[in-house]
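Using the sequences and the hints given, assemble the complete structure.
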Amino acid sequence: MESAPPSYQTATSSDVWSLVAPYLTSNELCNASVVSRGWHRIFTAQLWSRPTSYFGLEYNDVLDHLARFQRTLDFARQEVRSFTFCLHLLPHEAVYFDDRPADWLKRLIELLPNLQALIVTGVSFFDHAACQVLRVSDHAYSTSSKEGARAEPSDSGHRVPRPISTSTSYGLRLLDASRCSNLTSTSLAAALTRFVSLLYLDLSYTRAARSSAVFEACQHLYTLKLLKLRAVQLKDGDLSQLSAVMGRRLCYLDVRDNELTTKAADLLQDCFADEPDESNLDMLEDEQLDRRIYAAYQRDAVNHLTVEDISDGLAQLHISGNELDEIALSKLLHRPSLRVLDIGRLSRLSSSSLLRAHMLRSRLTYLRVDHHMVMPMDAQPRLRPGSWPGIRKLVLTDVPTHSTNDQLANALIAFVHACADEAAKAMNLAQQDYAIPLDRSQTSAIQQSTRSIFALESIVLEMSPAPSDLQSRNSSLTEDQDSEALWSAGESDFSFFRDGQVSPNEHIAISLKRTKAHVDNLALLSAFRSQRKAAYDRAVPGDQLHSVDGYWPGIIRIERPD
Numbered sequence: 001m002e003s004a005p006p007s008y009q010t011a012t013s014s015d016v017w018s019l020v021a022p023y024l025t026s027n028e029l030c031n032a033s034v035v036s037r038g039w040h041r042i043f044t045a046q047l048w049s050r051p052t053s054y055f056g057l058e059y060n061d062v063l064d065h066l067a068r069f070q071r072t073l074d075f076a077r078q079e080v081r082s083f084t085f086c087l088h089l090l091p092h093e094a095v096y097f098d099d100r101p102a103d104w105l106k107r108l109i110e111l112l113p114n115l116q117a118l119i120v121t122g123v124s125f126f127d128h129a130a131c132q133v134l135r136v137s138d139h140a141y142s143t144s145s146k147e148g149a150r151a152e153p154s155d156s157g158h159r160v161p162r163p164i165s166t167s168t169s170y171g172l173r174l175l176d177a178s179r180c181s182n183l184t185s186t187s188l189a190a191a192l193t194r195f196v197s198l199l200y201l202d203l204s205y206t207r208a209a210r211s212s213a214v215f216e217a218c219q220h221l222y223t224l225k226l227l228k229l230r231a232v233q234l235k236d237g238d239l240s241q242l243s244a245v246m247g248r249r250l251c252y253l254d255v256r257d258n259e260l261t262t263k264a265a266d267l268l269q270d271c272f273a274d275e276p277d278e279s280n281l282d283m284l285e286d287e288q289l290d291r292r293i294y295a296a297y298q299r300d301a302v303n304h305l306t307v308e309d310i311s312d313g314l315a316q317l318h319i320s321g322n323e324l325d326e327i328a329l330s331k332l333l334h335r336p337s338l339r340v341l342d343i344g345r346l347s348r349l350s351s352s353s354l355l356r357a358h359m360l361r362s363r364l365t366y367l368r369v370d371h372h373m374v375m376p377m378d379a380q381p382r383l384r385p386g387s388w389p390g391i392r393k394l395v396l397t398d399v400p401t402h403s404t405n406d407q408l409a410n411a412l413i414a415f416v417h418a419c420a421d422e423a424a425k426a427m428n429l430a431q432q433d434y435a436i437p438l439d440r441s442q443t444s445a446i447q448q449s450t451r452s453i454f455a456l457e458s459i460v461l462e463m464s465p466a467p468s469d470l471q472s473r474n475s476s477l478t479e480d481q482d483s484e485a486l487w488s489a490g491e492s493d494f495s496f497f498r499d500g501q502v503s504p505n506e507h508i509a510i511s512l513k514r515t516k517a518h519v520d521n522l523a524l525l526s527a528f529r530s531q532r533k534a535a536y537d538r539a540v541p542g543d544q545l546h547s548v549d550g551y552w553p554g555i556i557r558i559e560r561p562d
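UniProt numbering applies: residue 1 is where the sequence shown begins, and numbers increase by one.
Note that these hints are calculated values from the structure, not bench results.
A hint or two may mislead.
[As the list claims (entries may be wrong)] Below, in silico cross-link-like pairs of lysine-lysine (DSBU-like), each with a Cα-Cα straight-line distance of 35 Å or less:
#, residue 1, residue 2
1, Lys331, Lys235
2, Lys533, Lys425
3, Lys263, Lys331
4, Lys235, Lys263
5, Lys425, Lys331
Here's what the structure looks like:
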């Protein structure tokens, strides 16, 4: 993840004790750190780099270790405290901190000068009082905290008060404050004004994040690249303000499960670049970018990441779980800087030639979209593989495991068959540049050229809940969204029957619906894939460049709900 490779000396030197240190317990690390100066540097760095990882999982053990760690900070040398780069506090009750000063967060951050990652997901004591202290000026804070002044051992062995840092900001790069229900918008804004070096900010499920004060505080986060605001009840007006404040500095935005509408596609125009640098955006094609950066800051101290130097607009947008339709999808596909798009279920579907045109010009490499996009419309599949040759991974959401007919299974099979046709065409085009016979190096080059023409490598089917759950929710036998909406709208219509009564014909209809056989969509798709794979293996054994009708060499993965 770091932009610069290690030096030759670092790459060739092997320190066996650095490899052993991660496998030792906290007691063993403490004992080994007092053997010699060299061992002290190695094992103390391992013990202090991620101190909370040694706290355990039991409630009482975590609280005891946390209290001991905070007491140790008061007299630990700065050299030792500088080893800490990540603090991951597990969610616990605030009762433990009732007798603690409200400035525990400020003291903790100031005593750890190289702290880069602070993870407080669901921590109840990361609250209004703890963050509000960060608003107080350093002079006023030092004057009102004489009784709790920290002490440091001097050369004579006596502890002398350690002055509080007078810096106006902290070097925190990653802050995960998701699911923090005790925060307020004013306290959160006060904390963000002190964390001006943030690169990664996660405020998902934290309702205090939906505030003008918080958005204005984000205006000063000039190095912020990844922002997560999932399920904070964002509306179109909030997104408009956020877009105007952040501009093109963001490369990753997560606004899933909010209250946005189709207007969101236009409101985000300030976050996209009209003429982005393609070489920079190629680095942002990984849909796991947020997880990799999250893991990098937890794994080791990070000096610099390549993503920090990219300011070519929004490249990854996760906006599923909102009221969006095909119009919004068409507008987002038109953005040249967008590489990863998660739009999920669409509220309204229609046959749109404009959507196909935007897909052809799209530069997406990852798309997560409603599975109805592959269903046929006007005798043509709505989503055709040849319309977007650059997509490498396609995720289809809300795919039912069983249906009342084979329409969905046939649509999925037809879609996979179309992928096979596109892959065969791409291979034929790639082979035209090479003479026959081919050696091993040319075979690899042809496969690489084929992927550059048609890049789709995997399809992920996210399955919907079990059929029993679908039966209780669906009223339409066709499972069409428009039919479901019509049935839902007619539930409260006038009836001559009393409440709870139904006509005899309705009893018959319900009985037929419950006894109607269900089609196993996955079984039909799997049978088709197995048949085509067997035909491919029988065709020309050992030849990697031949094609068989209907066989697609890509991967189809199934993800079932938890």
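Hint by hint, here is what the structure shows:
For the given pair, lysine 331 sits about 19 Å from lysine 235 by alpha-carbon distance, which is consistent with the 35 Å threshold. A threshold of 35 Å between alpha carbons decides the hint, and for lysine 533 with lysine 425 the separation of about 18 Å falls inside it, so the pair holds. Taken as a hint, the lysine 263 and lysine 331 pair is honoured in the structure, with Cα atoms around 10 Å apart against an allowance of 35 Å. Taking the CA atoms of lysine 235 and lysine 263, the gap is near 10 Å; set against the 35 Å cutoff, the hint holds.
Between lysine 425 and lysine 331 the alpha-carbon distance is near 29 Å, which keeps this suggested pair within the 35 Å criterion.
The structure shown violates none of the earlier numbered hints.
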